[in-house]
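Student: Here the protein sequences come in this chain order: R and Y.
In terms of the UniProt record's numbering, the first sequence has 65 at position 65, counting the first letter as 1, and numbering is strictly consecutive.
In terms of the UniProt record's numbering, the second sequence has 69 at position 69, counting the first letter as 1, and numbering is strictly consecutive.
It is possible that part of the hints are untrue.
Across the chosen pairs, the derived CB separations fall in these ranges [stated by the list, open to error]:
(1) Glu90/Y <-> Glu70/R: 34 to 42 Å
(2) Pro11/Y <-> Lys99/R: 21 to 29 Å
(3) Ala102/R <-> Pro24/Y: 31 to 39 Å
(4) Ser103/Y <-> Pro97/R: 45 to 53 Å
(5) Lys97/Y <-> Pro34/R: 53 to 61 Å
(6) Asn64/R <-> Glu77/Y: 17 to 25 Å
(7) Glu70/R <-> Glu83/Y: 30 to 38 Å
(8) Arg35/Y <-> Glu110/R: 47 to 55 Å
(9) Glu110/R <-> Glu74/Y: 22 to 30 Å
(10) Asp109/Y <-> Glu87/R: 47 to 55 Å
(11) Pro22/R <-> Asp109/Y: 25 to 33 Å
Derived contacts from chain R toward chain Y, CB cut-off under 8 Å, selection only [stated by the list, open to error]:
(12) Leu28
(13) Met30
(14) Ala43
(15) Thr47
(16) Lys49
(17) Phe91
In case anyone wonders, no lab produced these hints; they're calculated from the structure.
From the three backbone atoms N, C-alpha and C, an ideal C-beta is built for every residue, glycine too.
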Amino acid sequence: MSQNSSDKDDQSPGNKKGISLPISRVRLIMKSSPDVSSINQEALFLTTKATELFVQHLAVTSFNNGSGKETNSLSYSDLANTAEETETFHFLTDILPKKILARDYLQSLEEMKEEDADF
Amino acid sequence: MAERPEDLNLPNAVITRIIKEALPDGVNVSKEARRAISQAASVFVLYATSCANNFAMKAKRKTLNAGDVMAAMEEMEFERFLEPLKEALEVYKKGQKGKKEVSEQKRKDKEKKQDSENDRSREEEEEEEEERMEEEPEAEEDEAEN
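Use the sequences and the hints to build the structure in full.
Tutor: As structure tokens, this is what we get:
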């Protein structure tokens, strides 16, 4: 093994700069927004860093409020609950819809019908 | 511009690592949950960009800058990110500024180095310079890495 290769740590290229998500990918996502014409380097860096903080915050909030604390797990429904219950994560409700069973959905439809009938 | 929709996804391996590092050891994160967080992160980028862009447009600027992103975080009620972002930006700025100085310094060092092979004074600079290692022919001398 040459020591040369250990100097180039390809696993986390941005790590020493304090970020690990690829800046180029973040720029691509930002540029996909139609109104954006250009983004300076600092804004790009900050958005990338903010996205990492966001991922951490979403994961930790969902885990702490979730049902998986005893089983040591984080599930989709924990995330969907966070999106619904936490104000700052409300913008995620469209892509984190709560899952319900068809059976429960049909039942709630039935109940609504019955309620309507009562009035 | 993104040509394929998957270009707008963030790399799963990196997202998974960030999640794992944020949670206590040994927490099992389902595949579905990881995918959802990754998609949420992409939506976050778009939302933040849109907010930041509004601030830039209000100020009649075409280029998004750091202040726009910070203002966007406040608007999105992620004030908790402001402090860590400020700190990260400071480090980033120093790194950018340092790069030029370091490469200047490096050139001088290299010249010196040919005279004295036992120069060990470069240890501290090494951290900021990891990107330049590729151009560094004397890499095998770096006993002090990391």
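Student: Next, verify each hint and record whether it holds.
Tutor: Verification of the hints:
no., hint, verdict
1, Glu90/Y <-> Glu70/R: 34 to 42 Å, "holds, 41 Å"
2, Pro11/Y <-> Lys99/R: 21 to 29 Å, "holds, 26 Å"
3, Ala102/R <-> Pro24/Y: 31 to 39 Å, "holds, 35 Å"
4, Ser103/Y <-> Pro97/R: 45 to 53 Å, "holds, 51 Å"
5, Lys97/Y <-> Pro34/R: 53 to 61 Å, "violated, 34 Å"
6, Asn64/R <-> Glu77/Y: 17 to 25 Å, "holds, 18 Å"
7, Glu70/R <-> Glu83/Y: 30 to 38 Å, "holds, 33 Å"
8, Arg35/Y <-> Glu110/R: 47 to 55 Å, "violated, 33 Å"
9, Glu110/R <-> Glu74/Y: 22 to 30 Å, "violated, 46 Å"
10, Asp109/Y <-> Glu87/R: 47 to 55 Å, "holds, 53 Å"
11, Pro22/R <-> Asp109/Y: 25 to 33 Å, "holds, 31 Å"
12, Leu28, "holds, 5 Å"
13, Met30, "holds, 5 Å"
14, Ala43, "holds, 4 Å"
15, Thr47, "holds, 6 Å"
16, Lys49, "holds, 5 Å"
17, Phe91, "holds, 6 Å"
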